[in-house]
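Sequential numbering of the sequence shown, starting at 1, is according to the numbering used here.
Worth flagging that the hints you see were computed from the coordinates, not collected in a lab.
C-beta: ideal position from N, C-alpha, C; glycine also.
Treat the hints with care, since some could be wrong.
Pairwise CB distance ranges, derived in the manner of DEER restraints [claimed, not checked]:
# : residue 1 : residue 2 : range
1 : L21       : K73       : 51 to 61 Å
2 : M75       : Y28       : 17 to 27 Å
3 : R46       : L66       : 28 to 38 Å
Only pairs whose alpha carbons sit at most 20 Å apart, straight line, appear in this in silico SDA-like list of lysine to any residue [to be verified]:
# : residue 1 : residue 2
4 : K73       : C57
5 : K73       : R50
6 : K73       : A34
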Amino acid sequence: MLNTESLTERQALQVEPMPRLLLRLTLYSLLLVAVLLVMVYQLTWRPPARELLPASCNPAVQAPKLVPGQALKVMT
Numbered sequence: 001m002l003n004t005e006s007l008t009e010r011q012a013l014q015v016e017p018m019p020r021l022l023l024r025l026t027l028y029s030l031l032l033v034a035v036l037l038v039m040v041y042q043l044t045w046r047p048p049a050r051e052l053l054p055a056s057c058n059p060a061v062q063a064p065k066l067v068p069g070q071a072l073k074v075m076t
């Protein structure tokens, strides 16, 4: 009733699942790499974007006086 050739063909086409230990090791390794990449990205210093403003120096115009406690923006 059963054709033995068809059974061997079916068995040849079946892919064996990855052993459970190897699967867990692979998933945990990928998770560890992902966490490390996120940590490196979060912990690296990224300077803020530069603000482009025209700079001029006119000696005839007096610079405004700063009030104590006023924030000062330093342009580099």
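Against the structure, the hints come out as follows:
For the pair L21 and K73, the beta carbons lie near 58 Å from each other, so the given range of 51 to 61 Å is met. Checked against the hint of 17 to 27 Å, the pair M75 and Y28 fails, with Cβ atoms roughly 49 Å apart. Distance hint for R46 and L66: a CB-CB separation of about 30 Å, consistent with the stated range 28 to 38 Å. A hinted pair counts as satisfied when its Cα atoms are at most 20 Å apart, and K73 with C57 qualifies at roughly 17 Å.
The straight-line distance between the Cα atoms of K73 and R50 is roughly 13 Å, inside the 20 Å bound, and the hint therefore holds. Only pairs whose Cα atoms come within 20 Å are accepted, and K73 paired with A34 is rejected, the gap being roughly 38 Å.
The structure fails hints 2, 6 (numbered hints given earlier, in ascending order).
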